[in-house]
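These protein sequences, in sequence, are chains A and B. With our numbering applied, the first sequence covers 1 to 114. With our numbering applied, the second sequence covers 1001 to 1114.
Bear in mind the hints are in silico, worked out from the structure with no lab data behind them. It cannot be assumed that every hint is accurate.
Stated by the list, open to error - Have a look at the derived ranges for each label pair, beta carbon to beta carbon: (1) A:G16 - B:S1025: 45 to 51 Å; (2) B:E1045 - A:K14: 29 to 35 Å; (3) A:E87 - B:S1041: 32 to 38 Å; (4) B:R1058 - A:G53: 32 to 38 Å; (5) A:R10 - B:N1057: 28 to 34 Å; (6) B:N1056 - A:K14: 46 to 52 Å; (7) B:H1019 - A:P8: 36 to 42 Å; (8) B:K1113 - A:N70: 43 to 49 Å.
Claimed, not checked - Taking lysine-lysine pairs in the DSS-like style, the calculated list, with each CA pair at most 27 Å apart, reads: (9) A:K20 - A:K66; (10) B:K1003 - A:K41; (11) A:K41 - A:K66; (12) A:K41 - B:K1113; (13) A:K14 - A:K41; (14) A:K64 - A:K41.
Claimed, not checked - Listing some non-contacts, in silico: residues in chain A with all C-beta distances to chain B over 10 Å: (15) V4; (16) P8; (17) V11; (18) G61; (19) H85; (20) G108.
It should be emphasised that the depicted structure is a prediction, and the values quoted were computed from it without experimental measurement. Glycine included, each C-beta is placed from N, C-alpha and C at the ideal position.
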Amino acid sequence: GAVVSQHPSRVICKSGTSVKIECRSLDFQATTMFWYRQFPKQSLMLMATSNEGSKATYEQGVEKDKFLINHASLTLSTLTVTSAHPEDSSFYICSARDRTGELFFGEGSRLTVL
Amino acid sequence: DAKTTQPNSMESNEEEPVHLPCNHSTISGTDYIHWYRQLPSQGPEYVIHGLTSNVNNRMASLAIAEDRKSSTLILHRATLRDAAVYYCILRDPWFRNQGGKLIFGQGTELSVKP
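For reference, chain A alone in the conformation it holds in the complex (with noise of 0.2 Å):
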């Protein structure tokens, strides 16, 4: 089946720097892109929704400036954690839809800021 692949699958950080996530599709063109985040015991909650070669649409509450999006290519896009804080120590995934509608989770990258 499809592949999609999240890099790092852990990271630690200081507070204050700035962490990239990475998720590719491995095997297929992944025309929109979504970005969830997951604190322990709790549900997935959607970020922001990306399509190749246009800007993020961001959901209620999520700040697009905290939270940077690129999705450059059909098997890219970044998360871009910037000026990285304890409380935004999660789990985060991506998914790739492709061109029939199919969905496809990355296994996830857990972030920990110090």
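Knowing the structure of chain A, use the given hints to seat chain B on it.
Showing chain B alone in chain A's frame:
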């Protein structure tokens, strides 16, 4: 988005069938019923989906009520590897709803006892 209601948790014994219920009384005529599951520290995994008729695949069966206001995911023989959070999600046809984003509810945490 139409909402779904699931029990917070369920328990099952290994090798026994499991029936995971989902209520979606406000479902629209075009919403598909999707089920995903999430194992600990992993991204969600597609299980099954349907519109009106019952569906079977190698992972599970989906029984949809005649009025479509509820559905049941059936795992025919639970294994320890089936312990996960199961999410029942309504999805508008992708080309009509901002790319078919998935909005996750709280899901049902299934534990399987040996």
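Structure-based check of all given hints:
Against the hinted window of 45 to 51 Å, the Cβ-Cβ separation of A:G16 and B:S1025 comes to about 47 Å, which satisfies the hint. Look at B:E1045 against A:K14: about 33 Å separates their beta carbons, and that is inside 29 to 35 Å. Between A:E87 and B:S1041 the beta carbons are some 20 Å apart, a value that contradicts the proposed interval 32 to 38 Å. Checked against the hint of 32 to 38 Å, the pair B:R1058 and A:G53 passes, with Cβ atoms roughly 37 Å apart.
The beta-carbon spacing between A:R10 and B:N1057, approximately 32 Å, falls within the hinted interval of 28 to 34 Å. In this structure the supplied range 46 to 52 Å holds for B:N1056 paired with A:K14, their Cβ-Cβ distance being about 51 Å. Separation of B:H1019 from A:P8 is about 39 Å and conforms to the stated range, judged on CB atoms against 36 to 42 Å. The given range of 43 to 49 Å is respected by B:K1113 and A:N70, whose C-beta atoms sit roughly 45 Å from each other.
For the hint linking A:K20 to A:K66, the alpha-carbon distance of about 12 Å falls within 27 Å, and the restraint holds. The suggested pairing of B:K1003 with A:K41 holds, with an alpha-carbon distance near 20 Å, which does not exceed 27 Å. Taking the CA atoms of A:K41 and A:K66, the gap is about 24 Å. The hint holds against a cut of 27 Å. Pair hint A:K41 plus B:K1113 holds up; C-alpha atoms about 20 Å apart against a cutoff of 27 Å.
Pair hint A:K14 plus A:K41 holds up; C-alpha atoms about 24 Å apart against a cutoff of 27 Å. With a CA separation close to 25 Å, the supplied pair A:K64 and A:K41 stays within the 27 Å bound. At the 10 Å boundary, the C-beta of A:V4 falls inside the reach of chain B, the nearest C-beta of that chain being 8 Å off. Annotated as non-interface, A:P8 keeps its C-beta farther than 10 Å from every C-beta of chain B; the closest such distance is 14 Å.
Against the 10 Å criterion, A:V11 stays outside the reach of chain B, whose nearest CB is about 14 Å from its own CB. At roughly 14 Å from the closest C-beta of chain B, the C-beta of A:G61 stays outside 10 Å, upholding its exclusion from the interface. Under the 10 Å C-beta cut-off, the non-interface status given to A:H85 relative to chain B holds; the minimum distance is some 23 Å. Its closest Cβ contact with chain B, about 5 Å, brings A:G108 to no more than 10 Å, contrary to its assignment away from the interface.
Comparing the model with each earlier hint shows violations of hints 3, 15, 20; every other hint is respected.
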